[in-house]
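With chain D's structure known, arrange chain P on it following the hints.
Protein chains: 2
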Amino acid sequence: MPRYRLTLEYDGRGFVGWQRQENGLGVQQALEDAIERFTGERLKVYGAGRTDSGVHALAQVAHFDLQQETPTERIRDAINAQVRPHPVSVLDATLVADDFNARTSARERAYLYRIVNRRAPVTFEHGLVWWVPVALDAAAMHEAAQTLIGRHDFSTFRARECQASSPTKTLDELTVETDGDEILFTVRARSFLHHQVRNIVGTLKWVGDGKWSAADVKAALEACDRRAGGPMAPADGLYLTGVTY
Amino acid sequence: MPRYRLTLEYDGRGFVGWQRQENGLGVQQALEDAIERFTGERLKVYGAGRTDSGVHALAQVAHFDLQQETPTERIRDAINAQVRPHPVSVLDATLVADDFNARTSARERAYLYRIVNRRAPVTFEHGLVWWVPVALDAAAMHEAAQTLIGRHDFSTFRARECQASSPTKTLDELTVETDGDEILFTVRARSFLHHQVRNIVGTLKWVGDGKWSAADVKAALEACDRRAGGPMAPADGLYLTGVTY
Numbered sequence: 000m001p002r003y004r005l006t007l008e009y010d011g012r013g014f015v016g017w018q019r020q021e022n023g024l025g026v027q028q029a030l031e032d033a034i035e036r037f038t039g040e041r042l043k044v045y046g047a048g049r050t051d052s053g054v055h056a057l058a059q060v061a062h063f064d065l066q067q068e069t070p071t072e073r074i075r076d077a078i079n080a081q082v083r084p085h086p087v088s089v090l091d092a093t094l095v096a097d098d099f100n101a102r103t104s105a106r107e108r109a110y111l112y113r114i115v116n117r118r119a120p121v122t123f124e125h126g127l128v129w130w131v132p133v134a135l136d137a138a139a140m141h142e143a144a145q146t147l148i149g150r151h152d153f154s155t156f157r158a159r160e161c162q163a164s165s166p167t168k169t170l171d172e173l174t175v176e177t178d179g180d181e182i183l184f185t186v187r188a189r190s191f192l193h194h195q196v197r198n199i200v201g202t203l204k205w206v207g208d209g210k211w212s213a214a215d216v217k218a219a220l221e222a223c224d225r226r227a228g229g230p231m232a233p234a235d236g237l238y239l240t241g242v243t244y
Numbered sequence: 000m001p002r003y004r005l006t007l008e009y010d011g012r013g014f015v016g017w018q019r020q021e022n023g024l025g026v027q028q029a030l031e032d033a034i035e036r037f038t039g040e041r042l043k044v045y046g047a048g049r050t051d052s053g054v055h056a057l058a059q060v061a062h063f064d065l066q067q068e069t070p071t072e073r074i075r076d077a078i079n080a081q082v083r084p085h086p087v088s089v090l091d092a093t094l095v096a097d098d099f100n101a102r103t104s105a106r107e108r109a110y111l112y113r114i115v116n117r118r119a120p121v122t123f124e125h126g127l128v129w130w131v132p133v134a135l136d137a138a139a140m141h142e143a144a145q146t147l148i149g150r151h152d153f154s155t156f157r158a159r160e161c162q163a164s165s166p167t168k169t170l171d172e173l174t175v176e177t178d179g180d181e182i183l184f185t186v187r188a189r190s191f192l193h194h195q196v197r198n199i200v201g202t203l204k205w206v207g208d209g210k211w212s213a214a215d216v217k218a219a220l221e222a223c224d225r226r227a228g229g230p231m232a233p234a235d236g237l238y239l240t241g242v243t244y
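So the sequence lines, in the order shown, correspond to chains D and P.
Taking numbering that gives the first Met the number 0, the leading residue of the first sequence gets 0, the next gets one more, and so forth.
Taking numbering that gives the first Met the number 0, the leading residue of the second sequence gets 0, the next gets one more, and so forth.
Isolated chain D, as found in the complex (with noise of 0.2 Å):
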């Protein structure tokens, strides 16, 4: 059965997250009945993260087999048309070999997190962004996320209700910078624990106001102990923005 790749753009606030929740819509299940509507076949759409609610997708890529070889401008097209209204869009499909696998094949994933830091609320971005009104120093934020590159055990980031195996991962990047009124993380690991995101940006949100240092953030690393971190930042602002195969 050939088997297709799909590149995809989100906006979290129409979903649960990538996968069915009993209280809504994943992003999963609506490509899903997008594919049986055109195709006739029910079938798994895998993707290579599992976002949670809320959380946006510039370029997630997902994979699934259908019958019959479909030329992929009909698949991008048939699923655009099929999935309306919802804010889901297929940026691009390709016929790939059968044993690529969207989650298990991706060597990276990288994250976008966006914080708009001004007194007034922001108003087309309410969802889209974490609106964090007092001044934040990026520089600061920058130097103490240094301190978690590399290799670590990054329980302090981890969510309680994380599957991983492991607490160990190897952040790749994490880089704070500002554009505008905007401070922008890029992160970038061959994958991440749950919440290990969101976790980093509210724990160097407190770099950011004063609260803490660089040192703070090392300490907290080691301790090993999600109590030792930072609160989670909220979902709006964190896009996947690409996975590297």
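What the hints contain is simulated information worked out from the structure, not anything from laboratory work.
Errors might be hidden in some of the hints.
[Unchecked claim] Facing chain D, a subset of chain P residues (Cβ under 10 Å, in silico): (1) 8; (2) 10; (3) 12; (4) 57; (5) 72; (6) 75; (7) 79; (8) 80; (9) 89; (10) 118; (11) 121; (12) 122; (13) 124; (14) 125; (15) 127.
Cβ atoms here follow ideal geometry from the backbone N, Cα and C, with glycine treated the same way.
Just chain P now, kept in the frame of chain D:
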């Protein structure tokens, strides 16, 4: 009475336009209601431009008079607190001279029009851009746009309900550029006819998709007749980006 100037951002999706309409809330009324809640005064807020229903602002300017002098930070924060949940934000409030008038003192208004030009439907920006799935030639649109620069009778791009005393206006800038999959129109003039920017963008889109040439745009302008122009672009992509005094 002290006069205050506000710089405002708003999401046009949340309003029927700047002015109150029978069918819903105008930005002006939302601000007047918010000011009344914190000062107890019922007053009138005057804007630089009467944006239509669905049109957005990144930096609309408005003025109003209070009975007594009030710290500008307090004005900004109190309006922002009282105007929720409507998607309008005071970016800045300043004390201005008695003769400052947001509308009549304005020397130039600037607008941005955003097209997203790609096959995949938009997700995050539904209502914030004009989604055009067929490939457009931005360079051809820019070239054709230059025929509209300067002082002309713009009747071809004027809404029937326009209340301006004359159809003659001076267009200072009309630039068409690309940024990734976006096509951005930057437009500046002292003032505009009703629907002028949207009628120009809709006409230039005909150039972008190969239906018209730059010479056709020039001929349409010279016809001085709305029926000679292209269709009006949707409100979704239009932003008032600034007012110069």
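Hint-by-hint comparison with the structure:
Interface restraint check for residue 8 of chain P: the shortest CB-CB distance to chain D comes to about 5 Å, inside 10 Å, so the restraint holds. Hint on residue 10 of chain P holds. Least Cβ distance to chain D is approximately 4 Å, under the 10 Å limit. Taking 10 Å as the C-beta contact cut-off toward chain D, the hint placing residue 12 of chain P at the interface holds, the least distance being around 9 Å. For residue 57 of chain P, the interface hint holds, the least distance from its beta-carbon to any beta-carbon of chain D being 9 Å, beneath 10 Å.
Nearest Cβ of chain D to the Cβ of residue 72 of chain P: about 8 Å, under the 10 Å cut. The hint holds. For residue 75 of chain P, the shortest C-beta to C-beta distance to chain D is roughly 7 Å, which falls under 10 Å, so the interface hint holds. At about 6 Å, the closest approach between the beta carbon of residue 79 of chain P and any beta carbon in chain D falls short of 10 Å, and the interface hint on this residue holds. Proximity of residue 80 of chain P to chain D holds as hinted, the smallest CB-CB distance being about 9 Å (cut-off 10 Å).
Taken as an interface hint, residue 89 of chain P checks out: its beta carbon lies about 6 Å from the nearest beta carbon of chain D, inside 10 Å. For residue 118 of chain P, the shortest C-beta to C-beta distance to chain D is roughly 7 Å, which falls under 10 Å, so the interface hint holds. At its closest, the beta carbon of residue 121 of chain P sits 7 Å from a beta carbon of chain D; the interface hint therefore holds under the 10 Å criterion. At about 4 Å, the closest approach between the beta carbon of residue 122 of chain P and any beta carbon in chain D falls short of 10 Å, and the interface hint on this residue holds.
Below 10 Å, beta-carbon pairs count as interface contacts, and residue 124 of chain P has one with chain D at about 9 Å; its hint therefore holds. Interface hint status for residue 125 of chain P: upheld, as the beta-carbon distance to the closest one in chain D is roughly 7 Å, under 10 Å. Against a cut-off of 10 Å between C-beta atoms, the interface hint on residue 127 of chain P holds, since the closest Cβ of chain D lies about 6 Å away.
Violation of the numbered hints given earlier is absent; every hint is satisfied by the structure.
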